[in-house]
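Student: Starting from the structure of chain A, add chain B where the hints point.
What follows is each chain in one-letter form.
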Amino acid sequence: MTTWTHVLWTDLIGHPHVVRVRTSVLGKRRLTVDRSQVTRGFGHPSGSSADDPALVLVPDPATERANPWQPDAGLVIADLAEPEDEPSALCGRSALRRVLGRLADDGYRVSCAAELEFYLVDRRTREPVYADIENYSVTKGAEFEPIMRQVRNQLQEMGVTIEASNPEYSGGQFEVNILHGPALESADRAILLRAAVRALARDAGLDATFMAKPWTDRSGSGMHVHQSLWRGDDNVLHGGHELSPAGRHYVAGLLRRMREFTLFGSPSPNAYHRRSDYTFSPTVLCWGFDNRTLAVRAIVGTPGSTRFEQRDASAEANPYLVFAGQLSAGMEGVSDGIEPPEPLTGDAYSRGDLERLPTSFGEAYRLLEESDAARLGLGAGTVEAYLAMLAPELDLVRSASADWERNRYFTAV
Amino acid sequence: MEECVVRGIEWLRDAVAAGEIHTVRVSFADRLGVWRGKRVPAPSFLKSADRPIGFCDGMLVVDVHADLVQETPYSNYRTGYPDVYVHPDLAGIRPVGWAEGEAYVFGPLRDEQGRTALVAPASALERAAARAREDYRLEQVSLSLSGRLMRARDDACDLELGLILSPADRILTHAADALTATGIMVDTIEVDVGGRFRLSLAPMEATQAGEAGVVIKGALKEIARAAGMEAIFMTRTAESATPSTWTVEVGVGARPVEPSRVASLAEDARGLLSPSITAFRAGLLTTGVRKETDHVVVRVDASSEASPQTSIACAIAISLEAASGRVGLGSVASLTEAAARLEAADWLADWLGEDLPLNSAPLLRAEQAMFDAAVTDWELQRYWKAS
Numbered sequence: 001m002t003t004w005t006h007v008l009w010t011d012l013i014g015h016p017h018v019v020r021v022r023t024s025v026l027g028k029r030r031l032t033v034d035r036s037q038v039t040r041g042f043g044h045p046s047g048s049s050a051d052d053p054a055l056v057l058v059p060d061p062a063t064e065r066a067n068p069w070q071p072d073a074g075l076v077i078a079d080l081a082e083p084e085d086e087p088s089a090l091c092g093r094s095a096l097r098r099v100l101g102r103l104a105d106d107g108y109r110v111s112c113a114a115e116l117e118f119y120l121v122d123r124r125t126r127e128p129v130y131a132d133i134e135n136y137s138v139t140k141g142a143e144f145e146p147i148m149r150q151v152r153n154q155l156q157e158m159g160v161t162i163e164a165s166n167p168e169y170s171g172g173q174f175e176v177n178i179l180h181g182p183a184l185e186s187a188d189r190a191i192l193l194r195a196a197v198r199a200l201a202r203d204a205g206l207d208a209t210f211m212a213k214p215w216t217d218r219s220g221s222g223m224h225v226h227q228s229l230w231r232g233d234d235n236v237l238h239g240g241h242e243l244s245p246a247g248r249h250y251v252a253g254l255l256r257r258m259r260e261f262t263l264f265g266s267p268s269p270n271a272y273h274r275r276s277d278y279t280f281s282p283t284v285l286c287w288g289f290d291n292r293t294l295a296v297r298a299i300v301g302t303p304g305s306t307r308f309e310q311r312d313a314s315a316e317a318n319p320y321l322v323f324a325g326q327l328s329a330g331m332e333g334v335s336d337g338i339e340p341p342e343p344l345t346g347d348a349y350s351r352g353d354l355e356r357l358p359t360s361f362g363e364a365y366r367l368l369e370e371s372d373a374a375r376l377g378l379g380a381g382t383v384e385a386y387l388a389m390l391a392p393e394l395d396l397v398r399s400a401s402a403d404w405e406r407n408r409y410f411t412a413v
Numbered sequence: 001m002e003e004c005v006v007r008g009i010e011w012l013r014d015a016v017a018a019g020e021i022h023t024v025r026v027s028f029a030d031r032l033g034v035w036r037g038k039r040v041p042a043p044s045f046l047k048s049a050d051r052p053i054g055f056c057d058g059m060l061v062v063d064v065h066a067d068l069v070q071e072t073p074y075s076n077y078r079t080g081y082p083d084v085y086v087h088p089d090l091a092g093i094r095p096v097g098w099a100e101g102e103a104y105v106f107g108p109l110r111d112e113q114g115r116t117a118l119v120a121p122a123s124a125l126e127r128a129a130a131r132a133r134e135d136y137r138l139e140q141v142s143l144s145l146s147g148r149l150m151r152a153r154d155d156a157c158d159l160e161l162g163l164i165l166s167p168a169d170r171i172l173t174h175a176a177d178a179l180t181a182t183g184i185m186v187d188t189i190e191v192d193v194g195g196r197f198r199l200s201l202a203p204m205e206a207t208q209a210g211e212a213g214v215v216i217k218g219a220l221k222e223i224a225r226a227a228g229m230e231a232i233f234m235t236r237t238a239e240s241a242t243p244s245t246w247t248v249e250v251g252v253g254a255r256p257v258e259p260s261r262v263a264s265l266a267e268d269a270r271g272l273l274s275p276s277i278t279a280f281r282a283g284l285l286t287t288g289v290r291k292e293t294d295h296v297v298v299r300v301d302a303s304s305e306a307s308p309q310t311s312i313a314c315a316i317a318i319s320l321e322a323a324s325g326r327v328g329l330g331s332v333a334s335l336t337e338a339a340a341r342l343e344a345a346d347w348l349a350d351w352l353g354e355d356l357p358l359n360s361a362p363l364l365r366a367e368q369a370m371f372d373a374a375v376t377d378w379e380l381q382r383y384w385k386a387s
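Protein sequence lines, in the order shown, are assigned to chains A and B.
According to the working numbering, the residues represented by the first sequence are 1 to 413, in order.
According to the working numbering, the residues represented by the second sequence are 1 to 387, in order.
Pulled out of the complex, with its shape left as it was, chain A reads as follows (with noise of 0.2 Å):
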C-alpha cells in the first residue's frame, strides 16, 4: 500500500485537484472541500459564502490506480457529495451516473470515447512550437516525442489505454486517440488525458492549452465525443449496413437537444469562435455518414465499432457534463421513438437552408437557461449552478475590450 493517496475530484468548469491523503486514514476520515472551489469557473467569485457547507469527497473505488506524478502514492477519483451524503448538484460526475443510472435501468450501457486536440506553447510567448501545418507528421512528431511518449506511456500506467497520438491540422496542435469504454471511466480517462498533458507540458518548459479557439487564424481544438449503445452485448445502433432503428432514434435525440446543451460543450465565449464554418467545426444542425462537416458524424461499420461521433463540443468542456448531456438526449430520442432527418451528404456548411447551431456565448446561454429538457436530464440543480457559475462571462464578454479590436480601430478611428 503506498504511503499517501491522491484524491482527485474535478470541479464544475472541469478542472481536476487533487487532495493528498496519508492512505491510511483514506476512508476513516472525512475529505471536503469549499464550495466555493467548485464553481470558481474560468476564475470570478462564485457567490458561495464561508458560511455555506463544504462539499465531501467520496473516491470511487473502482478508479484506484497508479499515480505516475508521484510513483509512491496512489491516485484515486471522487465524487462530490452534500454534507448529508446525497450526491452534489455541483459535481459533474454524479450528474453523468444520474444518467448513466436511468440508462442502466432501461437495461443500456453507452461505450464513448473523447479525441481531445490542444496546443502545445511556448511559456513566455505564449506562441505554438511550431508554425506550420504538419498533420499526421510522423518526422515533426519526432521532435515532440519526449513529451508525447511520456503522455502515452503515463496514461498507460493510469490504465488509460491510448489509441494514437498525432500532430494536427494546425502548427503546434496534437490530438490524442484514448480508447472507447464505459461513459464514465471514459470521462475520467479525459481529465486524466488534460492534467497529464499539461504537467509533461510544463515539465518540458512548455504549457499546453485546451482553449477552445486561441488564436484567430489557427484551427480550434475539439472534443469529439463517440458513443455506442449496448444492450448487452449487442450495440444497439448496429444494423447491418445501415443504423438500426434505435441508432435513428439515438441520433435524433441527440439533434433535438444540440442547441439547447450547447453550453455544456462551448462553455466559453472563446469557444464560439471555434464554430465557424470550414473549420472541421460543425455550424448547422445535421448529420450523416462519415462526413467532418457535419455536427453528428455516424461511423457505421462492425457491430463492435458503429457509433456516432458528435463534433461540436471544445477541448476544454467538462467532460461529465458533455458526455452527459450528450447520452441523455441519445436516450431521449431512443425513448421517444422519434426520426431524424434525412442524412445529409456533402457540404453542411453551404446549408443555409438548416438551422444553425448557437454562434454566441450569449444565445447559448439562454438556450439552456430555457431547457428544461437539460434540467430533466442532468438535474436542475447542476443546471442551475453551471448557469449561475457561467453568469459572469456574459458580463464580463461585453465590457471586455479584446486585442482584435485595438488592432483593427485604434488608429483607424
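What you were told as hints is all true, and nothing was included just to trick you.
Computed footprint of chain A on chain B, listed as stretches where at least three residues anywhere in the stretch have a Cβ under 8 Å from a Cβ of chain A:
| id | region |
| --- | --- |
| 1 | 32-45 |
| 2 | 57-66 |
| 3 | 78-91 |
It is worth saying that the hints were derived from the structure and are not from the lab.
C-beta atoms are modelled at their ideal positions from N, C-alpha and C, and glycine is treated no differently.
Tutor: Just chain B, lined up with the frame of chain A:
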C-alpha cells in the same frame, strides 16, 4: 552495425515482450511523399494488429504545407473529408533504426467500403510495378536521393570530399547505419561542398524502393534535427545551386531507347516529377539512357520535393513507354501547363491510374496561382528604390 531485414508481427510481439519496442508508427505517405501517420503504443497495436487505422482522406491530396485545396475531386468539403484507412502490412513491420523503441508499418490505403485509394502514390506505384512485372518482367529499380544539410536556418555545412569526418559526415553515416538497421541498404554516401549530399540505395523491387524513399527522407530530417541541423530537400536553394533530386534508374532489357523520347515523356509527367514552383523553376528535367553490356538503363531525375513513389512509378512508365516507341507531347512552361498536360496524358493515367494525375492538377494550378499573386523578393530588390 547489424544488418537487418523486415521483421514482421512475430518479431514485434517478441520485441514488445522484451521491452525493446514501445511504439508503432502506423504510416502512409501523402502525394509529395511526406511520411505521415499515428504513433500507436505497441501493446495497443498488438491487441488488434490487423485493425485498419483511419485518417482524414484529405491528407492524401494536401499542398506542400499540408493545407487543403478545395478543387481536388478526391477530397474536399463537398465530399466531407471521410476517413481513409491504413491496413497495416503485418509482414512489413520494421524497427525504426534511429529512434530507439519505435517500429513502423505501412500498408494499403482503402476507403470504408474497402476500395483502394488510387489517389495515393503508393497505390499508383503498386499498379505501375505490377504492370511492369507482368508485361515487361521488370523486377528492380535503383533509387538515390540528394539534398542539403544546413545549420540553423541558412548556413550550409562544410562538407568536402575526402576530408576527415565532420559533424555532418557523422550525421550521414549515422543515417546510413540506422537505415540499414531498419532494413534499407544504403550502398553509397556522397558528399559535396555546400552541404550537398547523395544517398544511394541498393537496387530493389519498385514498391519497396518507394516506401524506402519515404522513410529515408523522414529519417534524414529526424536525425539532422536531433543534431541541431536541418536536412533540406527544396530543389534549389540558390540560383547557382545544383538541384536536389530523386534519381530513379530502370533497366528496360535489351530494347534500344531513344533519349529524346524519354525526355519528352518526362515532360508529360512533369507536374508529378517537379510538383512545386521551385522545382519547376530549377529547369528542365534531367533524363538519360545508358547502355550496359546486356541491357539498357533509363534514368529519370525528379525533384527531391516529389514523392519517391510517384517518381518511381513515373520513371517506370516513361522508360517502358519510351522503349515501346512512344513520344511525349512536348515541353510545358509552367505548373498550369503541367497540370493540363497531366490531364491530357492518357498513357500516364493507364500506368498510374487517373486519380493521382487528376487530383494533382488542381494542386499545381493552386500553387502557380499563389506564386503569380505573390510579390517576390526579386521584385522588391529590383523595383523598390528604382521606381
